[in-house]
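Chain order of the listed sequences is A and B. If you count by the numbering used here, then the first sequence holds residues 1 to 809, one letter each, in order. If you count by the numbering used here, then the second sequence holds residues 810 to 1093, one letter each, in order.
Keep in mind that a hint or two might mislead.
[Stated by the list, open to error] In silico BS3-like pairs for lysine-lysine, Cα to Cα no more than 25 angstroms straight-line:
| # | chain 1 | residue 1 | chain 2 | residue 2 |
| --- | --- | --- | --- | --- |
| 1 | A | Lys71 | B | Lys851 |
| 2 | B | Lys1015 | A | Lys724 |
| 3 | A | Lys471 | B | Lys1054 |
Hints in this document: simulated from the structure, not taken from any laboratory.
The residues making up each chain are set out below.
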Amino acid sequence: MKDEVESRDDRVANLKGMGCSRKRVEDARFTQGKGNYVDDIKLDGMLFGDFVRSPYAHARITSINAEEALKVPGVLAVLTAADLEPLGLHWMPTLAGDKQMVLADGKVLFQGQEVAFVVAEDRFAAADGIEAVEVEYEELPVIVDPFEAMKTDVVLREDLVADDGSIPDGAHGPRTHPNHIFTWEAGEKEATQQVLDNAEVLVEESMYYHRTHPCPLETCGCVASMDKVNGKLTLWGTFQAPHAIRTVVSLISGIEEHNIRVVSPDIGGGFGNKVGAYPGYVCSVVASIVTGKPVKWIEDRMDNLMTTAFARDYHMTGKISATKEGKITGLHCHVTADHGGFDACADPTKFPAGFMNICTGSYDIPTAFLEVDGVYTNKAPGGVSYRCSFRVTEAVYFIERMVEVLAIELGMDAAELRRINFIKKEQFPYKAALGWEYDSGDYHTAWDKALTSVDYDGLRAEQAQRVEDFKAGKTRKLMGVGLSFFTEIVGAGPVKNCDILGLGMFDSCEIRIHPTGSAIARLGTISQGQGHATTFAQILASEIGLPADSITIEEGDTDTAPYGLGTYGSRSTPVAGAATAMAGRKIRAKAQMIAAYLLEVHDNDVEFDVDRFVVKGAPEKFKTMKEIAFAAYNQAIPGIEPGLEAVSYYDPPNMTYPFGAYVCVMDIDVDTGVPEIRRFYALDDCGTRINPMIIEGQVHGGLTEALAVALGQEIAYDDMGNVKTGTLMDFFLPTAWEVPNYETDHTVTPSPHHPIGAKGVGESPHVGGVPCFSNAVHDAFRAFGLRQTNMPHDHWRIWKTANELGLHD
Amino acid sequence: MIPAAFDYYRPTKMDDVIALLKEHGDDARVMAGGHSLIPMMKLRMAEIPHLIDLQAIDGLNEIFIEDGQMTIGAMVTQHDLINHAGLEAAAPILREAALQIADPQVRYMGTVGGNVANGDPGNDMPGLMQCLDATFLLVGPDGERSVAARDFYEAAYMTAREDEEVLTSVSIPAPQGGYAYEKQKRKIGDYATAAAAVQIIKEDGKCTAASIAMTNLSDTPIYSVDAGAALVGTAVDAAALNAAKAAMLGDIDPTEDNRGPVAFKKHVAGVILARAIERAWSRA
Ligand SMILES: Cc1cc2nc3c(=O)[nH]c(=O)nc-3n(C[C@H](O)[C@H](O)[C@H](O)COP(=O)(O)OP(=O)(O)OC[C@H]3O[C@@H](n4cnc5c(N)ncnc54)[C@H](O)[C@@H]3O)c2cc1C
Chain A
1 MKDEVESRDD
11 RVANLKGMGC
21 SRKRVEDARF
31 TQGKGNYVDD
41 IKLDGMLFGD
51 FVRSPYAHAR
61 ITSINAEEAL
71 KVPGVLAVLT
81 AADLEPLGLH
91 WMPTLAGDKQ
101 MVLADGKVLF
111 QGQEVAFVVA
121 EDRFAAADGI
131 EAVEVEYEEL
141 PVIVDPFEAM
151 KTDVVLREDL
161 VADDGSIPDG
171 AHGPRTHPNH
181 IFTWEAGEKE
191 ATQQVLDNAE
201 VLVEESMYYH
211 RTHPCPLETC
221 GCVASMDKVN
231 GKLTLWGTFQ
241 APHAIRTVVS
251 LISGIEEHNI
261 RVVSPDIGGG
271 FGNKVGAYPG
281 YVCSVVASIV
291 TGKPVKWIED
301 RMDNLMTTAF
311 ARDYHMTGKI
321 SATKEGKITG
331 LHCHVTADHG
341 GFDACADPTK
351 FPAGFMNICT
361 GSYDIPTAFL
371 EVDGVYTNKA
381 PGGVSYRCSF
391 RVTEAVYFIE
401 RMVEVLAIEL
411 GMDAAELRRI
421 NFIKKEQFPY
431 KAALGWEYDS
441 GDYHTAWDKA
451 LTSVDYDGLR
461 AEQAQRVEDF
471 KAGKTRKLMG
481 VGLSFFTEIV
491 GAGPVKNCDI
501 LGLGMFDSCE
511 IRIHPTGSAI
521 ARLGTISQGQ
531 GHATTFAQIL
541 ASEIGLPADS
551 ITIEEGDTDT
561 APYGLGTYGS
571 RSTPVAGAAT
581 AMAGRKIRAK
591 AQMIAAYLLE
601 VHDNDVEFDV
611 DRFVVKGAPE
621 KFKTMKEIAF
631 AAYNQAIPGI
641 EPGLEAVSYY
651 DPPNMTYPFG
661 AYVCVMDIDV
671 DTGVPEIRRF
681 YALDDCGTRI
691 NPMIIEGQVH
701 GGLTEALAVA
711 LGQEIAYDDM
721 GNVKTGTLMD
731 FFLPTAWEVP
741 NYETDHTVTP
751 SPHHPIGAKG
761 VGESPHVGGV
771 PCFSNAVHDA
781 FRAFGLRQTN
791 MPHDHWRIWK
801 TANELGLHD
Chain B
810 MIPAAFDYYR
820 PTKMDDVIAL
830 LKEHGDDARV
840 MAGGHSLIPM
850 MKLRMAEIPH
860 LIDLQAIDGL
870 NEIFIEDGQM
880 TIGAMVTQHD
890 LINHAGLEAA
900 APILREAALQ
910 IADPQVRYMG
920 TVGGNVANGD
930 PGNDMPGLMQ
940 CLDATFLLVG
950 PDGERSVAAR
960 DFYEAAYMTA
970 REDEEVLTSV
980 SIPAPQGGYA
990 YEKQKRKIGD
1000 YATAAAAVQI
1010 IKEDGKCTAA
1020 SIAMTNLSDT
1030 PIYSVDAGAA
1040 LVGTAVDAAA
1050 LNAAKAAMLG
1060 DIDPTEDNRG
1070 PVAFKKHVAG
1080 VILARAIERA
1090 WSRA
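Just chain A, same shape as in the assembly (with noise of 0.2 angstroms):
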């Protein structure tokens, strides 16, 4: 029996370490409702605050009177920009270099911007105190059309004109038009014109990545509690970046940062629409410090939709050249970006279009140019990473829909041009044409897994007869083959070239190692659903042989936590992953010494062998990490200090780059518009898999939001920048309902930079998916001459292509 116990392999699944299916330790609370989430906290005499927000898009205030909404039973106060300014609070810095109204300064940019502050005991008393407020507004014309913005004399921000009209430049350069943010370029201008002039072959396309939004389940919200007594502020919120938001917050407020306690209790999905700082994070601080009581603010799901972070909304214009044969040999990329009426773009501070200069995508296309004019419109602000790292969805979704526009022009099949495009697996790393270095791939591998896995041939087969009977009159459904390959950029990112407001983005982890042999890690990120307590944990009983059972994961607390970026663009594994793993191996570094020491050996005459240092050549020789453990609380060790903890930064010397190869099979009928999914495969290649269990998780839930962007989820505004899709009555938010069953796959290309090997996984699917499910419309009608049509495909645009193609007469 004791022999079976220690046996290797029960030691190894003992430690529920890296590889290994762990079910999830979140999950206890979170089936039983014992979740706690920002507005389950409940402080004694705490307030509610809630905005008093735009009905008009563009508008100046001509007065705002609070007078009968103070009347209302519970209000406490009202307050407007005017009581912020003197505090220099009405507006804010953006992570994008611009700053945004905190209460509308003179005039309103978007429907739903915030105006007033209501403070009230409840928010029940707040509601009504908004609905008391009057507030007197002067319509502006409304510019919603970023190419109208940049021709129309209409200024939506007076703000950046300076007095004698000229118009000074942004933190991203010169300006061209007063509604005009930045230009930025990337690759060569002049090498890509020539290599498109001289084309064998050449396709230009247009195509809209519409906007949307990532909806979280849980939206925005914060409680701020000033404790004038000892002056320590602490605000409870829902922060993708904690520490980063505990800087601004000192920043902006000059309380000393020793003074901010920020915390990110449990979080109901982020996607990126909780990296930035909103105004009622400000207003819920400033009203804390008013009356001395802490200040709860929600969003309702109107308000989030319609006013926190949006993501998308890139108008694309693409040339690609290629020879007759279908080698690529040139790219270039137009984007006009609507940013909304203020640039708020969570973006490292180098990168204002993200890192959408990954748009060569997993080929090798050696020159190319990239160029992203950003634009102001009156839409909300926003333009974040929505489960994607940083504009690479936007970037993937344009390559994707040009290799299949180029593969039309070529009359070639779209599977066979990308594999004689790829990037081969002997030129990893690979530099970019627009300056990224690939660390490893290996795509034609996973590529032909793919189409076998799927049967790509007999799906083609099946597509044409399929044509044939729609000819003949014998169906009215088409069949679409949606394929797409990704690379992501993920894991930002090297401090020598990633920032946000000048925060190096590395991030961190600090081991404590407790005497009985279990451990506590604290982290930079934050988990909003990902399950880092799980997989972080089982990082470290690989590395460091105590089980993962046995080490709590711990993130959030500014107070207690070392500092780190946050959890966003498929960070948390590639950085903070790497520093647990790093500060695993320096606590192994001086276990082994206390080991050696306790064994009476040489520290280089023992090794790590799972759980234990063993002595080399005699494995009945060695000491458990736990008896180590204990040793370093109770021995007086020569030259050693008492004690077992590590911390890391870790600053990544490369992005990481996981890739994936998707089909997407679907069925459309042709009458209705209604896309059927009868298929979906998806192979990722995170690199080194921690937890298998987990990476099925991500890409289903990657997926599932993949599938609503593409066939539905948008924010559309009418002509007077009214939002259409203000409720998730007409926002997709997809169910089990509307889900296909998916088939998941993989390959295992580890990256070379990473301590463990490990890419990140949380939004490949993401990205991968939206090309896919697209570009299986777009397929179900290339036969009848189809080349490009703008995502959501709801039933009514699937219908129109089919109409417009013909199809209904």
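Given chain A's structure and the hints, the job is docking chain B with the ligand onto it.
For chain B with the ligand alone, kept in the frame of chain A given last:
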């Protein structure tokens, strides 16, 4: 999304309900499942100072089937309807339609009475009730009266019900022949892009009677007499289907919304109707 303040009443007698309605007039509203009313109040599109909950009134949630007549109490939920074996046998279209309303959570709360009294053109039951030639029983200060479903709807949220009346039950003659409720929607929980309720009687390969009603394609449900008539006497062949479609298109008047523009809705209405007729015919 917080409604304006209101007083809440939970009377146990219908007389008290009517007295409250009389006292407060337009400022009062009865509440059944609340799944149309409360969202409107939360959006502050409806301000209801006096809310009268019908949950505690006895006798409103019963289902009777006798002598070829079904009587469904106003407070019977959509969930109850789906799970009532007797109704499923007598009028299977009720279950088929109710299963296409919203989602299980909504159907646990939403009632038949609320759905038909609401007057929202998006509701599925009004068209269904018109197809089945149902009658609504109303009680008010002057006693009871009944109104045919086909005469009940005047415009969006405007019905033949007076402010002081409460709808207590729906009576339906047991339908004959084949049936179908066909609905296109964008997702679970959505109202119809277009929906069709069809009952057809077939004798010796010919259609002898057909009843057709459409949902969410006008500001009221549309009972299309002409569409039904176009099928009678035919073998429900392609020509008859086209004639029914054309007749129906003459009766509806859809408006553009996020589901799509008018041309799309008309096209889909035709497709959905044809499918409903074909399915009903196959079951007749
Ligand atoms: C997400 C969602 C999706 C939905 N999707 C659909 C759908 O696809 N199809 C569909 O048909 N419905 C749909 N509904 C509406 C749902 O079916 C409602 O429950 C139904 O419309 C109203 O029933 P209720 O019992 O909830 O009525 P309530 O909301 O309580 O009342 C509705 C109105 O009817 C009045 N009323 C209620 N009962 C009576 C009575 N006995 N006498 C007189 N007046 C009365 C009320 O005063 C009120 O004006 C949806 C609702 C939601 C929230």
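Verification of the hints:
Note on Lys71 of chain A and Lys851 of chain B: the hinted pairing holds, with a Cα-Cα distance of about 22 angstroms set against a maximum of 25 angstroms. At roughly 47 angstroms between alpha-carbon atoms, Lys1015 of chain B and Lys724 of chain A are farther apart than 25 angstroms, so this suggested pair is violated. Between the alpha carbons of Lys471 of chain A and Lys1054 of chain B the distance comes to roughly 24 angstroms, so the proposed pair stays at or under 25 angstroms and holds.
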